[in-house]
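J.: Those protein sequence lines, which keep their order, are chains A and B.
Read in the numbering used here, the first sequence has 225 at position 225, and its numbers run on one by one without any break.
Read in the numbering used here, the second sequence has 19 at position 19, and its numbers run on one by one without any break.
Hints were generated in silico from the structure; no laboratory data involved.
There may be inaccurate statements among the hints.
To be verified - In the DSBU-like style, the derived pairs of lysine-lysine whose C-alpha atoms are separated by at most 35 angstroms in a straight line are:
| id | chain 1 | residue 1 | chain 2 | residue 2 |
| --- | --- | --- | --- | --- |
| 1 | A | 33 | A | 112 |
| 2 | A | 138 | A | 112 |
| 3 | A | 131 | B | 33 |
| 4 | A | 232 | A | 193 |
| 5 | B | 112 | B | 239 |
| 6 | B | 232 | A | 21 |
| 7 | B | 33 | A | 21 |
| 8 | A | 138 | B | 81 |
| 9 | B | 112 | A | 21 |
Given next are the chains, with one letter for each unit.
Number of protein chains: 2
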Amino acid sequence: MKHYEGFLIDLDGTMYRGTEKIEAAVQFVKKLKEKDINYLFVTNNSTRTKEVVAESLQQFGVPATPDDVLTTSMATAQFIKDENPNASVYFIGEVGLKQALEEVGLKYEEEKPDYVVMGMDREITYEKLTKACLAVRKGAKFVSTNPDIALPTEQGFLPGNGSLTSVVSVSTMVDPIFIGKPEPIIVEQALKKIGTAAERTIMVGDNYHTDILAGLRAGIDTLLVHTGVTTKEMLLAIKEKPTYALSSLEEWTF
Amino acid sequence: MKHYEGFLIDLDGTMYRGTEKIEAAVQFVKKLKEKDINYLFVTNNSTRTKEVVAESLQQFGVPATPDDVLTTSMATAQFIKDENPNASVYFIGEVGLKQALEEVGLKYEEEKPDYVVMGMDREITYEKLTKACLAVRKGAKFVSTNPDIALPTEQGFLPGNGSLTSVVSVSTMVDPIFIGKPEPIIVEQALKKIGTAAERTIMVGDNYHTDILAGLRAGIDTLLVHTGVTTKEMLLAIKEKPTYALSSLEEWTF
């Protein structure tokens, strides 16, 4: 196995499954820490702040600080900031998105924003959707944190941000720029944040159609771990393979 | 002009524009009434009850009773009733849909309904959307009152039921059966309600892409009136023409 200086690591299905930690993954990250290898947790969850994500990892015994986390909300905020540091933004979303936009200094504006951003919002209302539609029709650039259509929960599959976003895209006939996996933008933002060279950085995740595709599209190496969504059998049918595929992160040799 | 025994008549853009009545249309319906010709108002608005629709027409001086109205909510309820008189239904919608479903005797059921129905709901919540998604994934048949993506208002174009419906269709990957115009189902329901022969019934409306298409798809004659959405110029570019196109209903000769 090649030597990598940076690991971009998915969360659910890779570090844990719901409320249950994946021990091999915890040990894997501890090894990275010991060997002073850079790592960054990269998640499509737009609702949580980096502090909350780090805290939940710490509770599993994973060495993680808020600086080790890139949520899709943070990637979205940075993407807009890179395009236009003075942009005004109307957003639909929860505290994770709110904080991310504020931290990069983007102004909130409801009437005539430069950008409309949609993230997961379990307090979605018709009024919020109306403001987003009107602003997009007035010419605001339309961005969405992530295209996930469904969220796996104990209850079953709940509507994900990709499906909420479709209200505005269907109504305005304007397609959003999606930031999260499988789009490469979040990986590009992750590379900037982790600071390691692309050819020395690898994307690690359990879901071929989000984690691995995002890595492939961003042109970096990828490691699929069969602890979550994509099984060995499913991978057989897929043409463009990840660089590595392992049953467990325990099999990784440094 | 051919003699028709039944007129299916659109509302907004045909009978009135917003809060302003179209006098020629009022006189036209009065003439139908005098001549004892059947008519039925057919609307994609799912939120209002037939009583409220009739009342608003009466205020413009139009002879209209609740029996002269077919809302897309009523057409949806009757469509389900025709398929399965004992069906249970979970719905998202306002009073117009609620009343329509109750009036045909369909049972309300949240957990494992036979049908999920979506209509315009300005009190939409994530919880309502979640229930709809879970039920569709459990196998409920998915029906939507109408596919309108946007509602023209003084504020601008607000999200319409077609865009709200997309949350569930995108999340579950199940396409709904749409009932309202331009789908033929509402016209088929209207023909049953008005009771006149299809070849003696005509669909009248201002919008080629909803009213006229619905009539064409249902195989009946159509009359486009240029008092609303579709102008003469727009019609030039359209291949499949309505049977008649008039500047005003005043030009209709009985």
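J.: Compare the structure with each hint and give your call.
T.: Now the hints, each set against the structure:
1. 33/A - 112/A: 46 angstroms, violated
2. 138/A - 112/A: Holds - the C-alpha atoms of residue 112/A and residue 138/A are around 7 angstroms apart, at most 35 angstroms.
3. 131/A - 33/B: Judged against 35 angstroms, a Cα distance of about 43 angstroms means the pair is violated.
4. 232/A - 193/A: Holds, at about 31 angstroms.
5. 112/B - 239/B: 45 angstroms, violated
6. 232/B - 21/A: 66 angstroms, violated
7. 33/B - 21/A: Answer violated: residue 33/B to residue 21/A is near 73 angstroms, above 35 angstroms.
8. 138/A - 81/B: Violated, at about 42 angstroms.
9. 112/B - 21/A: 33 angstroms, holds
Hints 1, 3, 5, 6, 7, 8 from the earlier list are contradicted by this structure; the remaining hints agree with it.
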